[in-house]
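Number of protein chains: 2
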Amino acid sequence: MTFEKVAVVGLGLIGGSLAAALHESREVWEVFGVERDPESLRFALRKGIIDKGSSEIGPDISGSKIVVIATYVDTIAQVAKEVSRFVLPGTAVCDVGSVKAPVVREMEKGSWRIRFVGAHPIAGKETSGVRESDPGLFSGKKCIVTPVESTSPEALSMVKTLFSLAGGEVVEMDPESHDEVFSLVSHLPHAVAYSLVNAVASGGRDRNLFDFSGGGLADLTRIADSSPEMWAGIFIENRDALLRAIRGFAGELGKIEKAVVAGNVEDLVALLREARDSKRNLGE
Amino acid sequence: MTFEKVAVVGLGLIGGSLAAALHESREVWEVFGVERDPESLRFALRKGIIDKGSSEIGPDISGSKIVVIATYVDTIAQVAKEVSRFVLPGTAVCDVGSVKAPVVREMEKGSWRIRFVGAHPIAGKETSGVRESDPGLFSGKKCIVTPVESTSPEALSMVKTLFSLAGGEVVEMDPESHDEVFSLVSHLPHAVAYSLVNAVASGGRDRNLFDFSGGGLADLTRIADSSPEMWAGIFIENRDALLRAIRGFAGELGKIEKAVVAGNVEDLVALLREARDSKRNLGE
Chain D
109 MTFEKVAVVG
119 LGLIGGSLAA
129 ALHESREVWE
139 VFGVERDPES
149 LRFALRKGII
159 DKGSSEIGPD
169 ISGSKIVVIA
179 TYVDTIAQVA
189 KEVSRFVLPG
199 TAVCDVGSVK
209 APVVREMEKG
219 SWRIRFVGAH
229 PIAGKETSGV
239 RESDPGLFSG
249 KKCIVTPVES
259 TSPEALSMVK
269 TLFSLAGGEV
279 VEMDPESHDE
289 VFSLVSHLPH
299 AVAYSLVNAV
309 ASGGRDRNLF
319 DFSGGGLADL
329 TRIADSSPEM
339 WAGIFIENRD
349 ALLRAIRGFA
359 GELGKIEKAV
369 VAGNVEDLVA
379 LLREARDSKR
389 NLGE
Chain Y
109 MTFEKVAVVG
119 LGLIGGSLAA
129 ALHESREVWE
139 VFGVERDPES
149 LRFALRKGII
159 DKGSSEIGPD
169 ISGSKIVVIA
179 TYVDTIAQVA
189 KEVSRFVLPG
199 TAVCDVGSVK
209 APVVREMEKG
219 SWRIRFVGAH
229 PIAGKETSGV
239 RESDPGLFSG
249 KKCIVTPVES
259 TSPEALSMVK
269 TLFSLAGGEV
279 VEMDPESHDE
289 VFSLVSHLPH
299 AVAYSLVNAV
309 ASGGRDRNLF
319 DFSGGGLADL
329 TRIADSSPEM
339 WAGIFIENRD
349 ALLRAIRGFA
359 GELGKIEKAV
369 VAGNVEDLVA
379 LLREARDSKR
389 NLGE
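If you read the sequences in order, they're chains D and Y.
For the first sequence, this note's numbering begins at 109 and goes up steadily by one.
For the second sequence, this note's numbering begins at 109 and goes up steadily by one.
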């Protein structure tokens, strides 16, 4: 499958990396980028991450075989609506957001002129912005697509091909399962990391407690360097699943707290051993 | 300063690594190891981690200029009492435990025949046991000593020299400050990591959720592979400070939860930005 033209809306870390990967592929002839920030757009053009670009969604995205929306999760439906005004009816559109059910279900309801496919490549890092983009970012990484009953098989097939061209391993999930899984493996850990930094910073007052930490604290707080705006959007989009995850986690921490209060070594060892064994079984 | 003989009681990761480092130093003539587990003791002798060894504390530790107690924190006072029966009066004894006030204050009370110095080299990893020991483990790492009013200056000086010989950078703190700092930078992160694994494992039921995680979850749960018995002891020894740290952290997580419940993007961004900025300022 070849793509004469692919448009990427939003040249951040993920959009920029996907554009760069597609630009390197022989199966994609033209990568068109849309990016509001003039400096990021110039950077993408200068570095050859995109062939052409524009600062806003307009008639020059027409002719795209597929449009990738790589903006924050809370803006995707709005951007998709905007895209639909300028592309041929039936054009495949996908997103790359970390929350799937709200956007997929909203796109299902509207009588859009586009064929939408929810997607989420599992390839972030704590840095952000087009300057950090890397054509190899998706190489060997799971790229989840979340088709529903109304999803066009042709559009789905195009989106899967696109992520394969970028080096990803495509996996299908339903949007609700996706959101539950990622509330636990990604959104909760981010909430925990941010909270841990705030707890250490306020507990330490003026002292620089990080001076005294071994590698553990650095590891646990690395992802707290991620974009606050992006993650606030993800947390609120995936609100119900995230709240379940936070409460489940708080319950587990409460069990440890209770055993410490009681000075109950046996219970405490049992809780820590359960975690240690799960960690080992889960093979990380 | 040379040491004709140093005894290390407990050949786990820290005890074994310290014995190995001292064994490589020209300033230490004999390293004597005490280790209950016969296989670990044989391993330490065979690999030249120690010169001589025994399965229990007895008369053959006499003649030691300094005795290092490297057993779990909840056993240190008991082991020190045992050591005091076999060494010359006034022999310097230190520990390497992660909690300092309880043991330092208990040693202060008793009319021991030894001169005790609390110590804590900040050099752990999630693995454990003498087979993991590494003479370079302390190289460039902070080794905290916690003298109090009653601490013998000569014993303190010997203990500082010992950790310097092992490659450490010696730092003095009072025991209570130490325990407060480490409740935040080490004990809390461990409690969080163990709880996170338990939350993900029980939230995921039969699915292997770790398959879907990016690097974030792996980083946050790496230290959940640490020894449950050792950490249960540390949590309970440092109970009051740890409970304050857990409650402070739960309060921070509660703020994020509250903003998510309310769908308040501004508050949420402010909380995450505060964490992101602290993380950056704290220079990790």
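Bear in mind the hints are in silico, worked out from the structure with no lab data behind them.
Do not take every clue at face value.
For chains that are exact copies, the list does not tell them apart, and a pair is met inside one copy or across any two.
For lysine-lysine, the following DSBU-like pairs were computed, each having C-alpha atoms within a straight-line distance of at most 35 Å [what the hints assert, rightly or not]:
| id | residue 1 | residue 2 |
| --- | --- | --- |
| 1 | Lys233 | Lys249 |
| 2 | Lys217 | Lys363 |
| 3 | Lys363 | Lys155 |
| 4 | Lys173 | Lys366 |
| 5 | Lys366 | Lys113 |
| 6 | Lys363 | Lys160 |
| 7 | Lys217 | Lys173 |
Each hint tested on the structure:
1. For a Cα distance limit of 35 Å, the shortest separation of Lys233 from Lys249 qualifies both inside one copy, at 13 Å, and across copies, at 28 Å.
2. For a Cα distance limit of 35 Å, the shortest separation of Lys217 from Lys363 across copies, 34 Å, qualifies, whereas the shortest one inside one copy, 43 Å, does not.
3. When the C-alpha separation of Lys363 and Lys155 is checked against a cutoff of 35 Å, the pair qualifies neither within a copy, at 52 Å, nor between copies, at 42 Å.
4. For the homomeric pair Lys173 and Lys366, neither the shortest alpha-carbon distance inside one copy (57 Å) nor that between copies (42 Å) is at most 35 Å.
5. In this homomeric assembly, Lys366 and Lys113 never come within 35 Å of each other (Cα to Cα): the closest approach is 59 Å inside a single copy and 44 Å across copies.
6. Taking the shortest Cα distances, Lys363 and Lys160 never come within 35 Å of each other, neither inside one copy (56 Å) nor across copies (44 Å).
7. Within a single copy, Lys217 and Lys173 get their C-alpha atoms as close as 23 Å, which meets the 35 Å cut-off; across copies the closest is 79 Å, which misses it.
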